[in-house]
Amino acid sequence: MLDKEGIAKRIAKEIKDGYYVNLGIGIPTLVANYIPDEVDVILQSENGLLGMGLFPFEGEEDPDTINAGKQTITRLPGSAVFDSALSFGMIRAKKVNLTILGAMEVSENGDIANWKIPGKMVKGMGGAMDLVASAENIIVAMQHVNKAGESKLLPNCTLPLTGVNCVKKIVTELAVLDVLPQGGFRLVERAPGVTVEEIKKATAGKLIIDGEVPEMVI
Amino acid sequence: MNKVVSGADEAIRDIEDGHTLMLGGFGMCGLPEKTILALVKKGVKDLTCISNNAGVDDFGIGLLLHRRQVKKMISSYVGENAEFERQLLSGELEVELIPQGTLATRCMAAGYGMPAIFTPAGIGTEVAEGKEVRNFNGKDYLMEMAFDADFAIVKAWKGDRLGNLVYRSTARNFNPVMAMAGKVTIAEVEELVEPGELDPDNIHTPGIYVHRIFKGENYEKRIEQRTVRKRNQL
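Residue numbers (the working numbering), protein chains in the order written: chain G, 74 to 291; chain R, 901 to 1134.
It is possible that part of the hints are untrue.
What the hints assert, rightly or not - Below, a list of computed lysine to aspartate or glutamate pairs in the EDC-like style, where the Cα atoms sit at most 16 Å apart:
#1 G:K193 <-> R:D946
#2 R:K972 <-> R:D946
#3 R:K1130 <-> G:E133
#4 G:K196 <-> R:E983
#5 R:K1121 <-> G:D137
#6 G:K274 <-> G:E246
#7 G:K189 <-> R:E985
#8 G:K196 <-> R:E980
Read the hints as simulated data drawn from the structure, not as lab findings.
Excised from the complex, chain G in its bound form (with noise of 0.2 Å):
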């Protein structure tokens, strides 16, 4: 089973050289750590930032530099600043490659619900709703179960909806798996230690297997 560095490093492998990537807030921003050397990215980050670094050093943050998650960042040599639209004209326009983002319910149509639970919690749907819609490449960084024990890969989310039929790919602590377009979740990989078998109870959803599931190798 993977923690949340493991599921950062894991999603990690997914990202190409040239790639222009949004991180969400979360695991997903844990993912910068692990992005390898030789891999030529640049992380967009959607208040306005393209390039953005690593946390500043200790005393040398500044308030005028945040990323989405408002966290103190740096921007690298070669970096942009633009305002919301523009950035949110980039996102539409297709610009940035891949999208990882956490999720509270995945559907095995590729619907995603992370925004809102009626009467209980609402954090808004912030970006992810733009990003979701216009997105070709999303990624879903999120645990397999929910805290209740019930699992988050459902026929259908119960949940108040970000985006329908947008979700290509999910990694688990469990598993890394596809959301096939004709619907349903296709297991890739099991996570270190993991079962067939122990997947198969976490997921709600149509799990679909075709032989021998390998080992994730991180």
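The hints should help you fit chain R onto chain G, whose structure is shown.
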């Protein structure tokens, strides 16, 4: 032409109960903190505030929320603000949550003189309820109307007395598009300079959009999530 006013109190002299305000900033970054304090002091109420977030409990728009000066918030993200979330869930505060890109682009449309935009954000979700959907090249888009705000209140790094503005780093965020969208735009700046001191090739907001400008003193510029790395880390 001189758009300089003495300070925040003069800048907001005609903001009254029930007005619709746009407020720049992303979290607490690039927030017009001096004008917000003046609004708190003036005590205007029943405001509709269009702003990406609502500050935190004791800073930014959170101060207006605490004093119940806000009737309605139009935002994209309310996380990290316990009082906002409480007023929302209890129904005390009217809240319209909209996608962040839609929020920015509805401001942009107003500043560009366009009545509406089409965006795929929110298709198939509750955001689409009651809105016109148009299909272009096989994909559905929502029609979203340009914002109509009485005042836009923005924070810039530098400005001159003609109202030309320059922002610094990611404190730019919503400020330029909101500056363009208000019927009356108020800009507070860290440095007020003479015309000619700002490079015309690097003006972010042309002064035509700005009606009042003042220099704010002693910016607090709070940090919401202070994240750092140690010197010995990579």
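If you draw a straight line from the CA of G:K196 to the CA of R:E983, is it 16 Å or shorter? Satisfied, since the Cα-Cα distance of roughly 12 Å is no more than 16 Å.
Take the C-alpha atoms of G:K274 and G:E246, compute the straight-line distance between them, and say whether it is at most 16 Å. 14 Å, holds
Straight-line Cα separation of G:K196 and R:E980 no greater than 16 Å? Judged against 16 Å, a Cα distance of about 8 Å means the pair holds.
For a C-alpha distance cap of 16 Å, please report whether G:K189 and R:E985 respect it. 11 Å, holds
Check whether the Cα positions of R:K972 and R:D946 lie no farther apart than 16 Å. Holds, at about 8 Å.
Taking only the CA atoms, is the gap from G:K193 to R:D946 under or equal to 16 Å? 26 Å, violated
Is the hinted pair R:K1130 and G:E133 satisfied, with a Cα-Cα distance of at most 16 Å? 11 Å, holds
Pairwise hint evaluation, G:D137 against R:K1121, where the allowed Cα distance is 16 Å at most: 8 Å, holds
Violation of the numbered hints given earlier is confined to hint 1; every other hint is satisfied by the structure.
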